[in-house]
Amino acid sequence: MTELLELARRIAGQASGDEQIEAYVSRTRETDVKVHGGNVESLVVAGRSGVGVRVLVGGRQGFAWGGSLDDDVVEEAVVEARDNAAFATPDEFQAIASPDDCAGAVARLDLWRDDTTTTPIDAKVALALSAEAATLAADDRVRAVESAAYGDAAIESAIANSLGVQATTRRTTCSVMSFALAGDGVDTRTGYGFSAGRAFADLDIEVAARDAADRAVRLLGATQPRTRRLPVVFDPLVTRSLLAIIGAALGGEAVMKGRSMFVGRDGALVAAPGVTLVDDPTHPEAFGATPFDSEGVPTRRVELIVDGVLRGFLHNVATGRRSGRGTTGSAVRGGYATTPGAGARALALAPGTASPEAILGDAGEALYVQSVSGLHSGTNPVSGDFSVGVDGLMVRDGAFGEPVREVTIASTLPRMLQDVVQVGSDLTWLPGGAAGLTLLLGEMAVSGS
Amino acid sequence: MIEPDILERTLRHALRNGGDFAEVFAEDRRSSSARFDDGRVEELVSGRSRGAGVRVVRGGTTGYAHTADLSEARLRDAAEAAAGAARDGGGGATAVALEARPTEPHEILVPPESVSKARKVELLRRADTAARERSDTISQVSAAYADGRRRILVANSDGLLAEDDQVRTRFMVQCVAVGDTGMQTGTEGPGRTMGFELFDEIDPEQIAAIAADRALTMLRARPAPSGKMPVVLKRGAGGVLFHEACGHGLESDLVGRDASVFAGRVGEQVASPLVTIVDDGTYSREWGTYAIDDEGAPARRNVLIEDGVLTDYLWDLTRARKEGRESSGNGRRETYRDLPMVRMTNTYLLAGADDPDDIVARTERGIYCAALGGGQVNTATGDFVFGVTEAYLIENGEITEPVRAAQLIGNGPETLRLVDAVGNDFDTWAGTCGKDGQGVPVSAGQPTLRVAELTVGGTADV
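Chains as they are written, first to last, in numbering that gives the first Met the number 0: chain A, 0 to 448; chain B, 0 to 461.
There may be inaccurate statements among the hints.
[Unchecked claim] Facing chain B, a subset of chain A residues (Cβ under 10 angstroms, in silico):
| # | residue |
| --- | --- |
| 1 | 97 |
| 2 | 99 |
| 3 | 144 |
| 4 | 184 |
| 5 | 323 |
| 6 | 379 |
| 7 | 409 |
[What the hints assert, rightly or not] Computed Cβ-Cβ distance ranges for the label pairs, DEER-style:
| # | chain 1 | residue 1 | chain 2 | residue 2 | range |
| --- | --- | --- | --- | --- | --- |
| 8 | A | 184 | B | 178 | 51 to 57 angstroms |
| 9 | A | 430 | B | 357 | 35 to 41 angstroms |
| 10 | B | 400 | A | 163 | 24 to 30 angstroms |
[Stated by the list, open to error] Example chain B residues on the side facing chain A (calculated, C-beta under 7 angstroms, incomplete):
| # | residue |
| --- | --- |
| 11 | 42 |
| 12 | 48 |
| 13 | 61 |
| 14 | 116 |
| 15 | 372 |
Everything labelled a hint here was simulated from the structure, so no lab data went into it. The model shown is predicted, which means the values in this text are computed figures rather than measured ones. Glycine included, every Cβ here is placed at the ideal spot set by N, Cα and C.
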């Protein structure tokens, strides 16, 4: 870790004259095991590291990255970033983080678990094999497991800039997943199950296996329902994906550049009363938790929607300056090869009081959405248009009815936020930048036969 | 990139404790991009990545390790780690002397690195101006230029030594239009396996106009209908449907895991007799084109479905070896850090005999799709979706009003059977195909055609 920070400081220290430099250095060690049919299909044990260099001169920004920490690669990145800066249009708001930006309290988070890196490979392989076996054993109707896998990563990063800001973060993640194929001789349906955590010891293969099997088996015999309008209940995993899209539209860059359905809606009622949405990377249970953002600014709890009212956006240093609100510690980057954007890491709806069972009871005749497909092609955070494919079950009299397939649900994202009827009490942190819970929405267009 | 004698020693080291097959894959990649956004040149980005991965196959197990350092010592470490990871299973190949196989990389007329950054930025400025000139209601324009050069080298224990030099260039414009009905977006992003000569073929103003007009059209759009109806796909706009509806299901890794509705169906009539689908990695300068795949196999033109009959699947080296046949040239990986998988290249439904206008005229009522977003498929069930980003109603045989973006949903084998008209025109579309977390450049293509019935996921009553 110290050598990463030293490298970042050495790069930032090359700033000359009115030039500013920010260096982001990261190193990841990862394991990836895939099993099939009781055999190890592939095993990858690997490390990778890289550097991203941002140079600012008179409001002009240039960026370059290199996929190793070798001297020649790092040197080339600095030279290229400088050269690239010369071509940018000056922007008075473009900036790297200053010590003032970083004045806030730093969350005390312990995101590293030694056992993820020290557990022998054999144990990791065995876990993936047991997940596959447990999925097959979970239900007679599971005819095969398409794939089962174990993966982990230990990620360390360091940021330093020529204004004196520096930060390091490190975290471990691991997960086991299983993808079940259920068959009854006629129909085949699939189900996904997983267990994720920071420590190897956190993983529960029974949860992964049971979810994969149950979610596949309960869809067997699915038919296409007729086209109509129905209330919709979102599974916690689906709610998580929906929040991630809404979070993207609350990002400072999207808003400041007029590419978000929330443009000009600050202070307006954008969701049903009772809907409160917060991004809190300081929450120790959030998978996206981190004490510092991708510009080295301490993270904080950011209220986005409170009781239906839009309260603010997620800002990095540049969008924070442009908006006059300042950074919210929400700089995010996809790795060393990208410049920092502004976005969510740990979105969660404030949970309600209704259990998932109570929500099904209140839903009347409704469609339970177990999983969605085409989320990227079917949602538009600018226009708000929303149309996705669904696998799920009908809900009647408080219980699951027949499974459905080849069906879509459609509405617009602003309308869906207004149509939230009940927020479940079952908040669960999930990988993917947001927490899930059961959600009941009013009628949506359900397209089938 | 790496001397042959070092490669030979590395392969020998990888197999010194047994193993059926070993391979070194090295990659040196440079990329550059520029983005114009919000009326400004926002940023230029340069990237460099190089490294090598060593794969050892033993029985059914593949071990893999990689290094960003191409020195002999680090390659040896990677070979050892990969061999250790693959220790299950028996076998016993020994590395043989490498024999370089000449490959002809696709010719690049104007290497992107020979073009000044100022010229690349100028293209973006022109696109921004052109898009804003289309209408006052265009409120935002983002234009991006990107090029990448990827030199690869593959050496394996069969004695293969092959290299390729792949250059790709892409230009993308996204526009936002604002009106009484809210905001809408329009995008266009052609890409080819070629250098800066791409701009002899395309014109930034023209790409910007397409993106702007698409956003403006969508501003006038009414809600899309909901339910089953005939769908006409404009040439080039629907290739992704077939990429999803059957392409993925024909990848032999998924077929081998019994995770495809097309498993065990070679020789059967799986589609309408009007349907012939090829995957062609040799197709001239398309986005998914290359000289050799990432396992060293030459790109080929593979016929997958001929007149509706399933003729073959797509193969990579490991799956093909298991079946005792040749790779079809479809073993691809995103970077040297990834294991290769069976992937598509340029997947095309070939042109037929119908007049495109006639196909529309013969459709009483339905949807005409002029542009699409991405899609997704569950190969085990065959159910797929794909997003339409520019579509119109067809009423009494005529294209009428635009409708808002919506998802189309269907089942692969059913949809292939329901193709009831295939036009005599053709066009392609460039995109990135994701599988198991790896993205690779692909193209999809088709003539104007009609699917008798698909479910349209709009919000309006039919």
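The hints, checked one at a time:
Because the beta carbon of residue 97(A) sits about 20 angstroms from the nearest beta carbon in chain B, more than 10 angstroms, this interface hint is broken. Contact between residue 99(A) and chain B, as hinted, is not supported at the beta carbon level, the nearest pair being about 24 angstroms apart and thus beyond 10 angstroms. Among the interface hints, the one on residue 144(A) holds; its C-beta lies about 9 angstroms from the nearest C-beta in chain B, closer than the 10 angstroms criterion. Interface restraint check: residue 184(A) against chain B, minimum CB-CB distance 14 angstroms, threshold 10 angstroms, status violated.
Because the beta carbon of residue 323(A) sits about 17 angstroms from the nearest beta carbon in chain B, more than 10 angstroms, this interface hint is broken. The restraint placing residue 379(A) at the interface with chain B holds, with a minimum CB-CB distance near 6 angstroms, inside the 10 angstroms limit. Against a cut-off of 10 angstroms between C-beta atoms, the interface hint on residue 409(A) holds, since the closest Cβ of chain B lies about 5 angstroms away. The hint said 51 to 57 angstroms for the Cβ distance between residue 184(A) and residue 178(B), and at roughly 54 angstroms that hint holds.
Between residue 430(A) and residue 357(B) the beta carbon distance is about 51 angstroms. The supplied range of 35 to 41 angstroms is therefore violated. Between residue 400(B) and residue 163(A) the beta carbon distance is about 59 angstroms. The supplied range of 24 to 30 angstroms is therefore violated. Residue-level restraint check for residue 42(B) holds (minimum Cβ-Cβ distance to chain A is 5 angstroms; threshold 7 angstroms). Satisfaction of the interface hint for residue 48(B) is found here, the shortest Cβ-Cβ separation to chain A being roughly 3 angstroms, below the 7 angstroms cut-off.
A hinted interface residue such as residue 61(B) counts as satisfied when its beta carbon comes closer than 7 angstroms to some beta carbon of chain A; here the least separation is about 4 angstroms, so the hint holds. For residue 116(B), the interface hint holds, the least distance from its beta-carbon to any beta-carbon of chain A being 5 angstroms, beneath 7 angstroms. A distance limit of 7 angstroms between C-beta atoms decides the matter here; for residue 372(B) the minimum to chain A is near 4 angstroms, and the interface restraint holds.
In summary, the numbered hints that this structure violates are 1, 2, 4, 5, 9 and 10.
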